[in-house]
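K.L.:
What follows is the residue order along each chain.
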Amino acid sequence: MTRKGLHAVMIHGLLFLALIVVVFPYFWMLLTSIKPYWLITAPNVWIFRPVLDNWREVLFESKLPLYLLNSLIVGGIVSVISVGVGSLAAYSFSRFNTGGTPARFAILAAQMLPPVVLVISIFLMMYHLRLLKTYAGIIVAHLSFILPLVTWFLIGFFDEVPRELEEQAMVDGYTRFQAFYKVGLPNVRAGAAAAGCFWFVLSWNDFFYALILTGGPTKTLPVAVAGFWTFRGIEMGQMAAAIIVAIVPVVTASFFVQKHLVKGLGGGVKY
Amino acid sequence: MAEVVLEHVTKRFGDVVAVKDVSLTIADGSFTVLLGPSGCGKTTTLRLIAGLEEVTAGRIFIGGRDVTRLEPKDRNVAMVFQNYALYPHLKVYDNIAFGLKAAKRPRSEIDRKVREAARLLGIEDLLNRRPRQLSGGQQQRVAIGRAIVRNPNVFLFDEPLSNLDAKLRIQMRTELLRLHRRLKTTTIYVTHDQEEAMTLGDTVVVMKEGEIMQIGTPWEIYNRPRNIFVAGFIGSPEMNFLHGTYQRGVFTLKCGVELGLGLFEVPEGEAILGVRPDDVYLAGHGPPDRSDPLSAVVDVIEFLGSRAIVSISLGEDRLRMVVSDALVGSLEEGKECRVVFDRRKLHLFDPRTGERLN
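Protein sequences appear in the order of chains A and B. For the first sequence, this note's numbering gives the first residue as 1225, with consecutive numbering after it. For the second sequence, this note's numbering gives the first residue as 764, with consecutive numbering after it.
Bound conformation, chain A alone (with noise of 0.2 angstroms):
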């Protein structure tokens, strides 16, 4: 065998490590939700008579369609509202240097700190807002951390973006915010995709902010799976099936945005 098709071996070899390492708990959990009831406590069984049990339970006896629902709404209505209002601020950031250097950096502060420090005064405000189990205000406090989030991001794509490009848009005849909108933004669409991916699955994997302030018929997705864990003990089975819905919308959507995923975190626009 040639050195170089040694190297290859070695390569694709630690991969395929790499991958086990990183497929076995989704296999493990499959494998969970598919177990009948009296072997789950025994994870060293490998070979078994499958049951759909847990997941015909999880799916048409439980209420988790519904919280998934809530999940896709909240992730989505936050998605939409970072890009729309993060992409105006980084914009206003990079092409004004609104509050100078500081300023890029203070919209992160709040990223610096726990999110445990910060919950208990969002809890408060919901609590007085009476947003407390509503949409609204678990879409507020994802807000809180992802929008910043998103603003930072977008800042490093509009100032890849040539200025000129604005300038000649606007000799063109068009005001400054259809440049925006018509130059602008074209630009920087695939780092704005991307983004609204990265914080869609941010906020649909939240459970922190979503433990304590949604409850009820407005519980999210991660709340509704450690839910599982009951005062009767732990529903493995059902908690496996619930995870693997809550996954597989995820890694669905990031198989087809993935193209569009390493262009924009790799580095904007190529001018």
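Among the hints, erroneous ones may be present.
What the hints assert, rightly or not - In silico lysine to any residue, SDA-like type, Cα no more than 25 angstroms apart, as pairs: (1) A:Lys-1406 to B:Gln-901; (2) A:Lys-1406 to A:Thr-1322; (3) B:Lys-1017 to B:Leu-946; (4) A:Lys-1406 to B:His-852; (5) B:Lys-864 to A:Arg-1387.
Stated by the list, open to error - If you anchor each label on the Cβ, the simulated ranges turn out as follows: (6) B:Gly-802 to A:His-1236: 49 to 57 angstroms; (7) A:Gly-1324 to B:Arg-882: 45 to 53 angstroms; (8) A:Val-1343 to B:Ala-820: 51 to 59 angstroms; (9) A:Arg-1387 to B:Arg-1101: 56 to 64 angstroms; (10) A:His-1231 to B:Phe-1066: 53 to 61 angstroms.
It is worth saying that the hints were derived from the structure and are not from the lab. Idealized CB from N, CA, C, for every residue including glycine.
Given chain A, put chain B in place with the hints provided.
P.N.:
Below, chain B alone, put in the same frame as chain A:
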């Protein structure tokens, strides 16, 4: 088409004065070049006319209309940027049509104008491409096409040729001139390249540190520079400057060498004598109206093909002269030679103010 007038225009960025009290009238249909070294305020002046920067003081008129406070979109000017600023997300066709769409022209008219401009510039085959698939010269044409379809009052060019290679630059230069002859639209063109300025402009405005040094035809700028800056900036190789004293028709160099010039009606005293390398001749080959011959020593000969640039020492001063290849054979480095100046083409400057004396 329109006349462009700048009245006492000043632009400050914080403490930096980029444009300082500039007053300028650009005639309708002229091709005016703003020329100067980088940081001289020429691009800022152009951006002020476009409306991309706001004036700190002064007023700007285009076609008799006060546009000082108008948005760029309301000034009816077209601009070509140094990097062409083509919209990467649009095809060539849509790039050219972009401004017409802003003006909400009917689709048939847009189509006709885009194709007409493309034909004029020879880019009809490229209309469906994206900007990044084009070469530098093609991108340049698209940028020009985008400017001309709008039929603006004024064209503004910001160093449009500086990203092209030397050969293409000369070709595009000719095309720009041809275009201007045909469209006769007032054109303001910024460059730091004197050759471009001389060949393109019917008027050249030389700027330095935000101020206008001289406004004139290329001939005037070259032959009658108003001050030592313009004299040194224009012309290649650069004009020779000799410090000395002028008295009773004789210019005495610091080292004591005397040059019999005897022609100027200028105040006597200290002066700087400027003479272009092209106006220094080997004795016996000079023009009829020449200075007395001087002894000099040949330092370095740089051969350029049809001519050579020869550095000579005149006492302690050094100067450069251009010698045709037929004569350069008679010279040898380290050997003496005799030179004369063309007396009609000598420039005297005041060493304190730098202003022209003769």
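K.L.:
Next step is simple, just say for each hint if it's right about the structure.
P.N.:
Results for each hint:
{"no.": "1", "hint": "A:Lys-1406 to B:Gln-901", "result": "23 angstroms, holds"}
{"no.": "2", "hint": "A:Lys-1406 to A:Thr-1322", "result": "22 angstroms, holds"}
{"no.": "3", "hint": "B:Lys-1017 to B:Leu-946", "result": "54 angstroms, violated"}
{"no.": "4", "hint": "A:Lys-1406 to B:His-852", "result": "10 angstroms, holds"}
{"no.": "5", "hint": "B:Lys-864 to A:Arg-1387", "result": "21 angstroms, holds"}
{"no.": "6", "hint": "B:Gly-802 to A:His-1236: 49 to 57 angstroms", "result": "56 angstroms, holds"}
{"no.": "7", "hint": "A:Gly-1324 to B:Arg-882: 45 to 53 angstroms", "result": "49 angstroms, holds"}
{"no.": "8", "hint": "A:Val-1343 to B:Ala-820: 51 to 59 angstroms", "result": "54 angstroms, holds"}
{"no.": "9", "hint": "A:Arg-1387 to B:Arg-1101: 56 to 64 angstroms", "result": "58 angstroms, holds"}
{"no.": "10", "hint": "A:His-1231 to B:Phe-1066: 53 to 61 angstroms", "result": "55 angstroms, holds"}
Hint compliance for this structure: hint 3 alone is broken.
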